[in-house]
Amino acid sequence: MEFDLKKQTVRELNQALHDLPENSQETVVVNNLSGEHNVAVGMDRPAQVTINGHAGYFCAGMNQKADITINGNVGQGVAENMMSGRVHVKGNASQSAGATAHGGLLVIDGDAAARCGISMKGIDIVVKGNVGHMSSFMGQSGCLVVCGDAGEALGDSLYEVHIYVKGEVASLGADCIKKEMRPEHIEELSGLLEAAGCEDKPEDFTRYGSARQLYTFKVDNASAY
Amino acid sequence: MCGIVGLYLKNPDMESQLGEMFEPMLLAMTDRGPDSAGFAIYGDEVSTDMIKFTLQHADEHYPWHDLAGKLEEEFDTPVSVLHNANAAVLKFEAEEMAAREAIEKFAPDVKIMSAGRSIEILKEVGLPEVIAKKFNLKGMKGSHIIGHTRMATESGVSMEGSHPFSTGKDLCLVHNGSLSNHNRLREELKKKGIHFETENDSEVAAGYLTWRLREGASVEEALESAIEDLDGFFTFTVGTQNGFAVVRDPIACKPAVIAETDDYVAMASEYNALSTLPGVESAKLWEPEPGKVYFWGKG
Chain F
321 MEFDLKKQTV RELNQALHDL PENSQETVVV NNLSGEHNVA VGMDRPAQVT INGHAGYFCA
381 GMNQKADITI NGNVGQGVAE NMMSGRVHVK GNASQSAGAT AHGGLLVIDG DAAARCGISM
441 KGIDIVVKGN VGHMSSFMGQ SGCLVVCGDA GEALGDSLYE VHIYVKGEVA SLGADCIKKE
501 MRPEHIEELS GLLEAAGCED KPEDFTRYGS ARQLYTFKVD NASAY
Chain A
1104 MCGIVGLYLK NPDMESQLGE MFEPMLLAMT DRGPDSAGFA IYGDEVSTDM IKFTLQHADE
1164 HYPWHDLAGK LEEEFDTPVS VLHNANAAVL KFEAEEMAAR EAIEKFAPDV KIMSAGRSIE
1224 ILKEVGLPEV IAKKFNLKGM KGSHIIGHTR MATESGVSME GSHPFSTGKD LCLVHNGSLS
1284 NHNRLREELK KKGIHFETEN DSEVAAGYLT WRLREGASVE EALESAIEDL DGFFTFTVGT
1344 QNGFAVVRDP IACKPAVIAE TDDYVAMASE YNALSTLPGV ESAKLWEPEP GKVYFWGKG
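Top to bottom, those sequences are chains F and A. Final position of the first sequence in this note's numbering is 545; the numbers increase by one with none missing. Final position of the second sequence in this note's numbering is 1402; the numbers increase by one with none missing.
You may find that some hints are simply not true.
[What the hints assert, rightly or not] Okay, derived cross-link-like pairs now, DSSO-like style, lysine-lysine, Cα gap no bigger than 30 Å in a straight line:
#1 Lys1395(A) x Lys327(F)
#2 Lys1387(A) x Lys410(F)
#3 Lys1395(A) x Lys326(F)
#4 Lys1395(A) x Lys498(F)
#5 Lys1113(A) x Lys1387(A)
#6 Lys1236(A) x Lys327(F)
#7 Lys326(F) x Lys1237(A)
#8 Lys1113(A) x Lys410(F)
#9 Lys326(F) x Lys1387(A)
#10 Lys1395(A) x Lys486(F)
#11 Lys1395(A) x Lys410(F)
#12 Lys1241(A) x Lys327(F)
#13 Lys327(F) x Lys385(F)
#14 Lys1236(A) x Lys326(F)
#15 Lys486(F) x Lys1387(A)
#16 Lys1113(A) x Lys1293(A)
#17 Lys326(F) x Lys1401(A)
#18 Lys486(F) x Lys498(F)
Rather than coming from a laboratory, the hints here were simulated on the basis of the structure.
Looking at chain F on its own, in the form it has when it is part of the complex (with noise of 0.2 Å):
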């Protein structure tokens, strides 16, 4: 299936790729992107989406089990509230990649802006270049690898997600502390790493995560309030 959004609309592209039948392995192929929103937005079948151009905002939005491969860059929200599947960026994304996403894979080759992994509940993101401030601000579960460096407030007002970082780090954010590298987290972080297809040594990386204080509210911090 081949669709040119030269001559098709974003809504055509999103109404076929909704209409494939149940578990359809369908290999669709978007061209000529100008920069268009919510492209490939909802999907809910394992199929193969190649869109080759940069992308605008949503891209691959909301996802379920399809594999969906960008050929270029991708605006805010790419891979937003992703439930399963496999997103996966070639070039740069903009700010809030993966929010509130709950399920699957996100990897972006080149870097993240702002606030990556914002509210993240389950999505394991693979950034290979930089991510921007902010980044898995309120971070719920799953795990941030970033084998660049990350900007500052890292981790702020963290849950239970697991930040592996192998670059420079700006600066931590409220409760977001640096943690031990046990055999478990080599074990996770190498699992991601050959997934996203790279090369670095999950040794090279450092570990952050919640220093769980700030979860519930303490009584001694009743006068704060």
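Based on the hints, put chain A in the right spot on chain F.
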């Protein structure tokens, strides 16, 4: 929400196509700002002893030549007039302040949109497509241009509240975002002699830059202090005689994307405004970092 676009040509051979390249960029931002639009184009530079004003009047048939005649008499110099819809560009040999006073004296109901050697600001309420057509944007030539499409959030929809805002000789500002400390800052700036026409937050940002530049700050210094003194969300693009500057607030609430090739540097709120530029497929594409001032231009 608003849309911002800017285009600076590195390749002078493309100057005759500036309007043609820029019009689809502005129109692509209609979804982000359908209520007003405007642009500041830099080109057709006058010599150092001359001044160029862009003036606007509600009446499309305003007698610009009568005003030019009075100015010719006042300054004893020829005044050239280029009439464009309800705007006119007047060029003559005079000092800026004296020329401003004379225009205000002879034509108090005429709005001075811009002054400088190169800048022309044209803006109006309406769909970007209508405004581009009205002022024949497509046919315009120049070295660089910045534009804005507005979706008003903080104040009413009016020509005065639309962008770009003039911030001094050959300088202007477009803004996407909203400022939260504009009321107090407006009062402070009024005490320093800055004049405001609207309740618009972006006009306060323009007034702030006007004040800082008047105090002797460079464009870069003025924008760096804006990051400290303005509270709120913003992506600003500032047009200068030589090029344009871009700055985003430190939280980066508002988007911006840059495309650079050997021929041009272009910025836009969203990539789709850049997608019609020649060679953009192979351009260097990136997002400006928050809280950092960027400048592209000559010298």
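Hint by hint, here is what the structure shows:
1. Lys1395(A) x Lys327(F): Roughly 39 Å separates the two Cα atoms, so the pair is violated.
2. Lys1387(A) x Lys410(F): holds (15 Å)
3. Lys1395(A) x Lys326(F): violated (36 Å)
4. Lys1395(A) x Lys498(F): Holds. Lysine 1395(A) to lysine 498(F) sits at ~28 Å (cutoff 30 Å).
5. Lys1113(A) x Lys1387(A): The given pair, whose Cα atoms are some 14 Å apart, holds under the 30 Å limit.
6. Lys1236(A) x Lys327(F): Satisfied, since the Cα-Cα distance of roughly 26 Å is no more than 30 Å.
7. Lys326(F) x Lys1237(A): holds (28 Å)
8. Lys1113(A) x Lys410(F): holds (29 Å)
9. Lys326(F) x Lys1387(A): holds (23 Å)
10. Lys1395(A) x Lys486(F): holds (25 Å)
11. Lys1395(A) x Lys410(F): holds (26 Å)
12. Lys1241(A) x Lys327(F): Measuring from Cα to Cα gives roughly 25 Å; hence the hint holds.
13. Lys327(F) x Lys385(F): holds (27 Å)
14. Lys1236(A) x Lys326(F): holds (24 Å)
15. Lys486(F) x Lys1387(A): At roughly 26 Å apart (the allowed maximum being 30 Å), lysine 1387(A) and lysine 486(F) satisfy the hint.
16. Lys1113(A) x Lys1293(A): Judged against 30 Å, a Cα distance of about 39 Å means the pair is violated.
17. Lys326(F) x Lys1401(A): violated (36 Å)
18. Lys486(F) x Lys498(F): The given pair, whose Cα atoms are some 12 Å apart, holds under the 30 Å limit.
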